[in-house]
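Okay, here's what each chain looks like letter by letter:
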Amino acid sequence: MIEFISRSNFSIGRDKDTAIYLEYGKSGDAGLFKLLFDKYKIGILNMIIKMANVSKTEAEDILQDVFFKIIDKRKSFKPNAKFSTWLYKIAYNRTLNYLRDKKPENDIEQVDLISKEQSPIDNLIQSDIRKAIRNALAKLAPNQRNSLVLREYADKSYDDISKIMQLSKSSVESLIFHARQNMRKLLKGIK
Amino acid sequence: MQDHEKYLKLASFYLDGELTENQREDYIHHLKDCDICREEIELIKSYQTEIKDPIETQITPEINTAIMKYAEEAQNRKGFFERIFDSFDFKLNVAVSTATIIIGLFSGIIFFKFHHNTTQIDSYTMNGTELYNTVFPGSIAESFILMEEQND
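Taken in sequence, the protein lines are chains A and B.
For what it's worth, the working numbering labels the leading residue of the first sequence as -18, then goes sequentially.
For what it's worth, the working numbering labels the leading residue of the second sequence as 14, then goes sequentially.
One or more of the hints may lead you astray.
Below, in silico cross-link-like pairs of lysine-lysine (DSS-like), each with a Cα-Cα straight-line distance of 25 Å or less [unchecked claim]:
1) Lys37(A) x Lys82(B)
2) Lys82(B) x Lys56(A)
3) Lys22(B) x Lys120(A)
4) Lys144(A) x Lys22(B)
5) Lys58(B) x Lys120(A)
6) Lys120(A) x Lys70(A)
7) Lys7(A) x Lys104(B)
8) Lys150(A) x Lys65(B)
9) Lys65(B) x Lys70(A)
Coverage of chain B stretches by chain A, computed from C-beta distances (three or more under 8 Å per stretch; other residues unrestricted) [claimed, not checked]:
10) 60 to 71
11) 74 to 84
In short, the hints are calculated from the structure, not lab data.
Computed from a predicted model, the values in this text were never measured in an experiment.
Quick reminder that beta carbons are idealized off the backbone N, C-alpha and C, glycines included.
My request is simple: use the sequences and hints to build the entire structure.
Have a look at this one:
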């Protein structure tokens, strides 16, 4: 019966994860939830860390909230969007709520257009380059950083990002463009 | 110069696959002759790799367990009727039962009506003949009877 329903969901044109989640909503089978949890947990965790520049512990707290909500909302899910887009939207909103409730001294600084921290090119090794990129990412304006993380790390399309961030597609295009421009300026001189 | 600025902006859309086919062809054609745009593309790609690189590759086991436990408890939190519906594949059974009842009723009605009508037709013919003879005398009555017999 589950296979039959799953096949009928596929025939309607839904992606596999959306079909699995819809089936989970009907049956409540924790095994179905585990399939989705195992697939998305690392991606969501890293997205939270990159967006919010928080520790692993804090990111896991947010992650737990996200998946608790996925479990609680299983019966009311309306498949207007893909499951993955909906999941990332919940993770995005939870992360923003967490940052809003966090103490002000932990806020991310706005971007400096010209980086004052310039390392000698010859002395940089791969881990330092990675660190430099993460620092540059952390210095971006929140919306620019979030849109860039959703695009580069979560591999979401501009349409999906506009649904997740609840912005117009043109706003998303502009954010990503300026994020890349600012990353370029922050990483100037680093090869 | 204005054109070149336009192409610099397009670098972002090109990498994200957001250009139309015509725009993409135009941009690729431009790339062949423009070192600056090629450098721009390479620079964006260089830190794309780092952004894509996951920082953490494992969830703390306690968090993993807590989330799965929540899911299992949610599964067991089903209501009484919900458990019955799920365990007996309720919807399928209701559909089959309903279909069987409808078919049975329909068959019964057809059988009963056929049997009843057969008896009625005979009595109507006999009664109809007498009735028509009294109400519509002569050839008119004969015509009605003939029509009824033909319908039988």
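Tested hints:
1. Lys37(A) x Lys82(B): holds (21 Å)
2. Lys82(B) x Lys56(A): holds (18 Å)
3. Lys22(B) x Lys120(A): Distance ~22 Å between Lys22(B) and Lys120(A) Cα, so the pair holds.
4. Lys144(A) x Lys22(B): Distance ~23 Å between Lys144(A) and Lys22(B) Cα, so the pair holds.
5. Lys58(B) x Lys120(A): Roughly 19 Å between the alpha carbons, so the hint for Lys58(B) and Lys120(A) holds.
6. Lys120(A) x Lys70(A): holds (23 Å)
7. Lys7(A) x Lys104(B): Holds, at about 12 Å.
8. Lys150(A) x Lys65(B): holds (22 Å)
9. Lys65(B) x Lys70(A): Given pair Lys65(B), Lys70(A) holds - Cα atoms ~19 Å apart, limit 25 Å.
10. 60 to 71: holds (count 11)
11. 74 to 84: Since three or more residues must qualify, the claim that chain A covers the region 74 to 84 of chain B holds, with 7 doing so at under 8 Å.
The structure shown violates none of the earlier numbered hints.
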